[in-house]
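Engineer: Below are the chains, spelled out letter by letter.
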Amino acid sequence: MHPSDGTLRRSLDEPLAADATSRAHVASCARCAERLQRMSADAATVQAMLASSDPVVDVAAARSRLAGSEAAGAGATTPRSAKPLRPRNARTSRVLAGVAVAGLASVLLVATGAAQDFLSLFSPTQLAAVPVTAADVRSLAGLTSYGTVSGGPKIAYQAEPDAAAAAAAAGISAPVVGDLPAGTPPAAKFAVISGGVVAFTFNADLARAAAVRAGGQLPAMPAGLEGSTLSVLISPAVVISYGVDPAALLHGGTLPTGEALVVVASRVPMVTSTGVTARQLEDYLLSVPGIPAGVASEVRAIGDPSQTIPVPIPVDLATGSTVSINGAPGLLIGDSTGLGSAVVWQHNGVVYAVAGTLTSNQVLGIARTTH
Amino acid sequence: MVEFSAIPAFGRQLLTGISRPAEVGVRPTSFDRLFDEEYAKVAAIARRVLGDPDAAEDVAQEVFLDLHRRFGDSPGAQAVAWVRTAAAHAALNVIRGNRRRAVREERYATDSPPAYDPQAAVEAAETTRAVRAALARIPERHATILALRYSGLSYAEMASALGIGVNAVGTRLRRAEARFRKEVGDAPV
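Which chain is which? The protein sequence lines are A and B, in order. So the first sequence is numbered by my numbering: it starts at 1 and just counts up by one. So the second sequence is numbered by my numbering: it starts at 1001 and just counts up by one.
Calculated from the structure, these hints are not laboratory results. It is possible that some hints are incorrect.
[Stated by the list, open to error] In silico SDA-like cross-links for lysine to any residue, where the CA-CA straight-line distance does not exceed 20 Å:
1. A/LYS189 with A/LEU206
2. B/LYS1182 with A/ALA41
3. A/LYS189 with A/ALA169
4. A/LYS189 with A/HIS371
5. B/LYS1182 with B/ARG1129
6. B/LYS1182 with A/THR45
7. B/LYS1182 with B/ARG1137
8. A/LYS189 with A/GLY171
9. B/LYS1182 with B/GLU1126
10. B/LYS1182 with A/SER173
11. B/LYS1182 with B/THR1128
12. A/LYS189 with A/ALA164
13. B/LYS1182 with A/GLN47
14. B/LYS1182 with A/GLY6
15. A/LYS189 with A/ASP162
16. B/LYS1182 with A/ARG35
17. B/LYS1182 with A/ALA164
18. B/LYS1182 with A/ALA48
19. B/LYS1182 with B/ARG1096
20. B/LYS1182 with A/ASP42
21. B/LYS1182 with A/GLY171
22. B/LYS1182 with A/ASP162
23. A/LYS189 with A/TYR157
24. B/LYS1182 with A/ALA169
25. B/LYS1182 with A/ASP245
26. A/LYS189 with A/THR370
27. B/LYS1182 with A/GLN37
28. B/LYS1182 with A/ALA44
29. B/LYS1182 with A/MET39
30. A/LYS189 with A/SER173
31. B/LYS1182 with A/ALA51
32. A/LYS189 with A/GLN158
33. B/LYS1182 with A/ALA43
34. A/LYS189 with A/ARG208
35. A/LYS189 with A/ASP245
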């Protein structure tokens, strides 16, 4: 049966919301594929037309202004159709679900190159936290506003019977997971996430249009920029999971409500470029109007982008801090709710990550005994 | 081997999902905390409708003034949904008022548009005008959901703000996008 318009539309933004049956149907139904394409085109048009950077607000000044208005007895307009306030239902299961994916998000984003929008600009040997909001992520996802993205990611997930098989499939040594805290589900699942090559080619016409939409103009371009291509080779990743099946998550399965732990290892992505260097292209893109100012300044502050992975940290909940994992530089991502955390580090050309519904000390303990 | 091509969307969904205090039970209850946590979002929603950051902040101020007038220092957990919807409605009120005023002014206008703007700025201004005009013409429920969606709310947050089921959000959003696109025409932007 064809899924409803509402279900199809939501699947564009939140793919996990559609059940496996719907996804399988859409994948094989020409009519639904056409509907989806039409919806996607409409959504892209609307997004482009409504695109504008979020206003930079000074909350303290705004609060003073509000206090002044109240003191002056200024009348407020009444927003129409505003609903009366009512108690909110408890969402305990969503709490657990949100936290369970918290660590996974960062791990998958880093280790699989899922956030091609971030990684495609950098050749990483160091790690640094970039606090991002949902709006920032969407803005960076708009790389297609500045050029064409090709070659991926057509990423495949393959379950493997054991660590050795996963390691052989990924072409790296499988990490030997260290001391697990009591309560960790004992049965580990092994898998490999395939890699691939993602290429971004800069297009001045597209970038100019994006700059205009953002209310600015395209800065002067360095020589050789037009048509420059940046290629990122993303290596396969070994995934070892406890208490959660990443494949099931990716295909709409339920999120765990108990202890969950994921360990990932992948060679660092490699970046090559034609035309201009990766650094030049990154510098230029960060200067184009429309890139969130906060993200741009954070990325610039990191330093040489050819040496550093900017790890996106959700600004609302998580905090990032640098740590040492047996002498190797790492990044600890703590969920401020205290219910989940992750650590990412790089050693000998391999990026490792440990994430779970654990405390920061627990993930650090696992990381420091993993080799 | 199971293949999937939605990894970037998946990653973003996870990232946006964990960026939502709404989903982890962290809800502000005091007015001050709500103001600190939601003021920027309310201004962002208004900006999607108005295009202008200063006008958007004016709307944000109105919304919080009204909230405080109605509910005092302890507006309750549902206040987040309330201020977000109110931001969209208040901003739409502004452009509808502007549209009526613009029609009146156009009737008496004699001057040509300023000629000093570079072409790009002129095009941007035209796009901005077309977007505001379209938002003012389409049904309010459609304009509201577009403002909420494109200022970054998740489907769960939109469902909460609009008081509808999460499944109905997709349906309404789809209709709103189709209607909006029809209003602005199919010209590439």
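Engineer: Hints broken by the structure, by number, lowest first?
Structural biologist: 1, 10, 17, 21, 22, 24, 25 and 34
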